[in-house]
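Trainee: Below are the chains, spelled out letter by letter.
Protein chains: 2
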Amino acid sequence: MKPRKVQIIGMGRYLPKRVVTAEELDQKLGLQKGSVAKKSGVSIRHFVEDETVSQMGALAAKEALKNAGLTLSDIDCIVCTSGVGEQAIPSTASLIYKELDPNHQGIPAFDINSTCLSFVTALDHLSYLIDCGRYQNVLLVSSEIASIGLNWNHAESSMLFGDGAAAAVIGPTPEDEKSRILLSRMETYTQGAHLSEIRGGGSKYHPRTYQGNINLEDFLFDMDGEAIFKLSARYLPSFIERLFAEDRSITIKDMKIVIPHQASMMAMRLMQRRLGISREQMFIFSENVGNTISASIPMGMYEAIKQQKMKRGDLVMLLGTAAGLSIGSLVYVY
Amino acid sequence: MKPRKVQIIGMGRYLPKRVVTAEELDQKLGLQKGSVAKKSGVSIRHFVEDETVSQMGALAAKEALKNAGLTLSDIDCIVCTSGVGEQAIPSTASLIYKELDPNHQGIPAFDINSTCLSFVTALDHLSYLIDCGRYQNVLLVSSEIASIGLNWNHAESSMLFGDGAAAAVIGPTPEDEKSRILLSRMETYTQGAHLSEIRGGGSKYHPRTYQGNINLEDFLFDMDGEAIFKLSARYLPSFIERLFAEDRSITIKDMKIVIPHQASMMAMRLMQRRLGISREQMFIFSENVGNTISASIPMGMYEAIKQQKMKRGDLVMLLGTAAGLSIGSLVYVY
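Protein sequence lines correspond, in order, to chains U and Z. Numbering that gives the first Met the number 0 puts the first residue of the first sequence at 0, with every later residue one more than the last. Numbering that gives the first Met the number 0 puts the first residue of the second sequence at 0, with every later residue one more than the last.
Incorrect hints may appear among the rest.
Since the list gives no way to pick out one identical chain from another, each pair is judged satisfied if it fits inside one copy or across any two copies.
To be verified - Below are the DMTMM-like pairs computed for lysine to aspartate or glutamate, each with C-alpha atoms no more than 25 Å apart in a straight line:
{"hint": "1", "residue 1": "Lys37", "residue 2": "Asp49"}
{"hint": "2", "residue 1": "Lys229", "residue 2": "Asp100"}
{"hint": "3", "residue 1": "Lys229", "residue 2": "Asp49"}
{"hint": "4", "residue 1": "Lys4", "residue 2": "Glu245"}
{"hint": "5", "residue 1": "Lys1", "residue 2": "Glu302"}
{"hint": "6", "residue 1": "Lys4", "residue 2": "Asp75"}
{"hint": "7", "residue 1": "Lys255", "residue 2": "Glu22"}
To be clear, the hints were calculated from the coordinates, so they are not data collected in a lab.
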């Protein structure tokens, strides 16, 4: 696999105003005090009050542009990498772009969606267009309102999620720097296609088929955590072998930091054990944000930069699973 | 712009079983006999009976694979390029992949969405990954059920649409052949972001907010045809100038065929006049299928191959507008 001379230039994040504690959810779910914190490992998550996907996305994007030292006019393409969009039509990228600056016109905007892996999929694919000069700077934005689709009758899943947005500006690596995307891979195992899903909202169950409590659950998030766990455990080790088979000079041990999708504490600990990742390498930060779907991995990158756990020249691995069921990873020199 | 040595190897199409005539819609819309045919130019469109997006997509994909002389195992990536998906989660690409062969596992599957231009956006972006060897063969599938989201109180828009799917297998051009993607461009003008939309279905208006006739229209397609017409007319000529500025050796006059998004007869005739495209070049086929959203352009390619209006070595232009408002085009040697 040809390394791509692409750099993550700047990142941004937005967390909604409303802070929801584990204790609040203990009450909501009718559980003993301390249950949510213990089971989910998430002490705090943020839920939107009045924020929209496009507003959160635009705020994260503005911070990413600022940190990149660039303005919107420097951007050649805007890709929204959310799992669930703001409207059925048009693309959420168009709505984020409008929110960023309603007077700015002409930048191509579209969506890439592989649910929780959307950001990684877009970073992977767009890196080729930057490397070959089609685009200079590209803006990737993940913005998610998980809270609206949670099933509070399903404690196991609803206690995991949080809302929020994260964004990145990516561009060509300056001549004298070492930033590279070295490896990337995604595999989809459709035997798990219905293990995590929202059945409604598209053409299968149009919103007009909503009939209150009779079929509300078709429009809410549904997952079989144990089955996903098993399927992931089965494919993860060989997936990682195939990923590193593209470049025998590096192994997972060489990673300065591994930023996993913060699916759940259980899923992340499974990954760590199965793949021989050390506790020091594994970057777990969901305690204060929960699982923010597609925004989870870029939020991890943002947080790792802030905590100085990801510095220029470091070898970094992004790794996650997504509805589909997909497994995805990307290895880069930051 | 560097030409990409990518070939459209095989194409497929699926049209739903139920044929809906213009006369049937005259009645449904309470219009004089002949009104729908005259205003829309669409004599026949197909509406799904029991077909789903993934079923239609899989059937179109199977034909594309057959016409390419390939099997699913030859495919390195599956991209669903629909405007509206089957479920909110997971990606529609995963569901089409499962429908294609539930026993086949491991091909990466994800969605690219720019509404009516999704297929063109994906063809453009994936071509770079094929050209540089990341992928060999890629399957692109657009599958749309427009009929479920039409607002029958809005005759102007509801008479235009049809359901259906189209698919393409793309791959590297064989050494001795001339197939190339020469030019591609997309521009988004968010001043038109709300000129064609479905406001509901995402996080803005979650399906649970559906209250029957009180807000049904928020979950149906809404468009201001005249405003889109004006905005497109304003930007199209300069868009085309910027597109061809990348290669001064060709002009729109050199195109053997121009395959426009079959938005509406009025929109296509506007394009033709404004851009100096001849009647012979302009490929209009919506009479028998209507506007099938993202499946429209690849359906045109399928039809042009069948009618022998697009042969190997021919210069072809794909051109369309999409919700966003986006304008997109791609010029290739077939």
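Trainee: Determine for every hint whether it applies to the structure shown.
Mentor: A quick look at each hint next to the structure:
{"no.": "1", "hint": "Lys37 to Asp49", "verdict": "neither (29 Å within a copy, 46 Å between copies)"}
{"no.": "2", "hint": "Lys229 to Asp100", "verdict": "between (45 Å within a copy, 22 Å between copies)"}
{"no.": "3", "hint": "Lys229 to Asp49", "verdict": "neither (38 Å within a copy, 34 Å between copies)"}
{"no.": "4", "hint": "Lys4 to Glu245", "verdict": "both (17 Å within a copy, 23 Å between copies)"}
{"no.": "5", "hint": "Lys1 to Glu302", "verdict": "neither (28 Å within a copy, 37 Å between copies)"}
{"no.": "6", "hint": "Lys4 to Asp75", "verdict": "both (17 Å within a copy, 23 Å between copies)"}
{"no.": "7", "hint": "Lys255 to Glu22", "verdict": "neither (35 Å within a copy, 67 Å between copies)"}
Hint compliance for this structure: hints 1, 3, 5 and 7 are broken, all remaining hints hold.
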